[in-house]
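Novice: Add chain V to chain Z, keeping to what the hints say.
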Amino acid sequence: MSMRLRNFLVIIVLTAILALAAMVALPHDKYLRYQSLNDHTAPNAYWIYERIHTDPTPIDIAFIGSSRTGRSMHTERLQENLAREGIQARAVNFHIVKTGRDMHYAIAKELLTNRPVKLLVLEMTELEDRTPHPDFIFIADAADVLSAPLFLNVGYLRNFSRLPGRQVDLFLETQLESVGLRQPDFTPPSYQGPNLDWTEFLQTLDGVRHPLTTHHSHAEMEKIRAEQDAAITPPLLPKALASLEFKVPRYYIEQILELAKEHNTKVVFLYLPRYGGPKTPPPYDAMYRSKVPLMNPQPLLQSSDIWADGTHVNWSGSKIVTDFVAEELAREKYIE
Amino acid sequence: MLFNSYAFLFGFLPLALIGFFGLRARGLRGPSVTFLMVASLAFYAYWKPSDTWVLVSTIVMNYTIARYMSRLGHGGAKALLILGICANLGLLVYFKYFDFLGTNLAALVGKEYVARGIVMPIGISFFTFTQLAYLVDCYRSRDYEGQFTNYALFVTIFPHLIAGPIIHHAEMRPQFARLRKTPIDMEMIKMGVIIFVIGIAKKVLLADNLVASADAVFNAADAGTHFNAAAAWTGTVAYTLQIYFDFSGYSDMAIGLALLFGLRLPINFNSPYKSRSIIEFWRCWHITLSTWLRDYLYIPLGGNRGGEWARLRNVFITFLLGGIWHGAGWTFVIWGALHGTYNVTNHLLRNKFAPAPAREGWLRSFIKQACVLLLVMIAWVFFRAKTVGGAIGILQSMAFIVPAEASRLEQADFAMYFWIVLAAAIALFAPNTQQITAYTQKTTEQLRLPRIDLLTSLRSGSVAFAASPAVAVVCGLLFAAALACIWRPAIFIYFNF
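As they're listed, the protein sequences go chains Z and V.
This note's numbering applies: residue 1 is where the first sequence begins, and numbers increase by one.
This note's numbering applies: residue 1 is where the second sequence begins, and numbers increase by one.
Chain Z extracted, bound-state conformation:
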């Protein structure tokens, strides 16, 4: 018994497609998914999940962004400042290191669909990253990986190809854990409380606290700035075609704004420039000035003493940004 080559190949291809689709549909424990993103020097994805799902402490103000947000916002200090203004609000820093708006969307979605949030503070920088976050595949729902914009999204195929394997791995780990046979690659530390701030120090998984008090001379910071200027790729296409070049970040910002609207959450941008960055963020000026308010601490961030490196403020800088944000929140009545 044999069959024609074409039929043989068609059956193989169809079976493979169906099998891959079935893999993508496999269920798993989402907490394991958040634990899988642990290979950074600043791992906090597991904590983000714990804060959203297991800690009933309210989340009134949520900060979402990259390591710039992580190193700028000290939420406990912010709460204390707001309390002095008579505002009782709980703030949480949900940053994830590295840039990519798709990751911000994944975190915002997880947060807003599970917890009521009064105010979402979204990081804004001097230049949107055209590329998706390299770790989106670790955190995102399968549906969000599949429905990500395909055109001009350099990460789509990479994430798409990794999805079936991720789903199978997570499914098997979930099953093994349910029968007590899972040996995790990573065991999250005990819950680290409702505020995990990495502005004064950063605590790595080995329990070591790394102080974030580094600072540089003016000359050193200027040198760093010059190096960054040389390394940055400015917008490549003419302004009229910016919607193409920045299609991916803009798509996800719109998704976040829609999501926030659905859940009655106010959104404010927080501009966190690099050292020597422009006075206002060009992406904000181009797209969101009329839609979303902006908090801009840029004039306060000119001294070289408050920078740990070219893009992150140190502990002194963090106090400046945090105090500024507290004042703005109270003054503009973004939170009451």
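Hints listed in this document are in silico derivations from the structure and should not be mistaken for laboratory results.
Backbone N, C-alpha and C fix where the C-beta goes; we use that ideal spot for every residue, glycine too.
One or more of the hints may lead you astray.
As the list claims (entries may be wrong) - Which bits of chain Z does chain V cover? Going by a derived footprint, with three or more residues having C-beta under 8 Å, they are: (1) 10-16; (2) 160-166.
Said to hold, decoys possible - Here are some of the chain Z residues that sit facing chain V, going by a computed Cβ distance under 8 Å: (3) M3; (4) L5; (5) A19; (6) L20; (7) M23; (8) L181; (9) R182; (10) Q183.
Specialist: This is chain V only, laid out in the frame that chain Z set:
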């Protein structure tokens, strides 16, 4: 690019097939062969374009030498052959062994040697051996490949270029001629698809899932960690299975890919871990290298022509050099020496005792198989370890000679043991690829997949089955599972050699 990569599966391979069959569909069979050669060079250049000059210059050099050799008398041809061998081996020694020799010679005379950090062009061991065999064959037969394209394709054809199987010109020449004249049998393509899927499943689903277990033990042992016996055995068994499924998976993929282009490559593995003697093991493991070493090293050394002791000496030297071929390091020297010793001992025992009956009792057979496996595993410890100290540490642990503070394997979990048990069961009890597909490398025999369907085959206890819908579904499932896993970058072990 790796066979188990999206770039290859969804980029290079479809383009190569479209180009090749597109030309053939227009009656351009000759150009389709040229196209395959160009595609193969592009495949090689993808790794590191700057290394392509080494490959291309050796092709031009060996083609030219063979061409002139056929025109010269005995003395001239022999001189040219020696020149060719020296040039090929010189390149291999320079790229592969220069730093190793420099370091050891300097140490011998008490001087310091600063390693040059020479990066070996990928596949150089394989394409050098392929071309050395060609030169020797040309010298012996006074025949050479007239068409440069055919010769270049013989060396570069992408399924075998990086890590074999090592092919002979005599095997490929009639196939290239046929490729230029006749259409490709569709049965070959079906068989090629099945064999490729088996190969990628072996590599991605089995070998790559054993890497973590083996690496955890060997890397730590090289860094000075002493493991307990269980950990050392787990790492060694995992590596024993990993290297088998990695290399035999690669070889299956190579055979499958060649079939898609109407070519047959030689079989490289034949269930080696089922062997009941070391001699049998080497007839089933990396068969094309063993054959090459026999034909171009053991026999020229004198083979069995000088009496028993000379034969044993030649066996030992052949295995020793076979070990050195794998890499520049003392661990490979020891691995080769161990296998040389095993084989010499096996020959001595075979001479001393009466040959075993064809049908042995299961216990006797089991004991023999277990002994062979144990010896092979001991040798693999040296093959895998980066340092002799690391290898000895693991062997001590396997022999329960462990310090009180010996570490256990932290990563040990259900999944790790599941993959080890599954892989062991397949290596020891399952039929191999050629048994399943009835593949034969003999071009005189027509390739025909078996005519019985999967269920009938299973009911009758047979291992071969036809390209039925059920087989297509199994292939689809295996391919999907492999696709789901290939995002993890995992190079083939033999790409390092």
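Novice: Now, for every hint given, state plainly whether the structure supports it.
Specialist: Quick rundown of the hints versus the structure:
1. Beta-carbon proximity to chain V at under 8 Å applies to 6 residues in the region 10-16 of chain Z; the threshold of 3 is reached and the given coverage holds.
2. By the rule of at least three residues with a Cβ nearer than 8 Å to a Cβ of chain V, the coverage given for the region 160-166 of chain Z holds, with 4 such residues.
3. Satisfaction of the interface hint for M3(Z) is found here, the shortest Cβ-Cβ separation to chain V being roughly 6 Å, below the 8 Å cut-off.
4. With a least beta-carbon distance of about 5 Å to chain V, the hint placing L5(Z) at the interface is held under the 8 Å criterion.
5. For A19(Z), the suggested interface contact is upheld, since its CB lies about 4 Å from the closest CB of chain V, less than 8 Å.
6. Of the supplied interface hints, the one on L20(Z) holds, with its beta-carbon coming within about 5 Å of a beta-carbon of chain V, less than 8 Å.
7. Look at M23(Z): its Cβ gets to within about 6 Å of chain V, closer than 8 Å, so that hint holds up.
8. Here the hint on L181(Z) is kept, as its CB sits about 4 Å from the closest CB of chain V, short of 8 Å.
9. Interface hint status for R182(Z): upheld, as the beta-carbon distance to the closest one in chain V is roughly 7 Å, under 8 Å.
10. Satisfaction of the interface hint for Q183(Z) is found here, the shortest Cβ-Cβ separation to chain V being roughly 3 Å, below the 8 Å cut-off.
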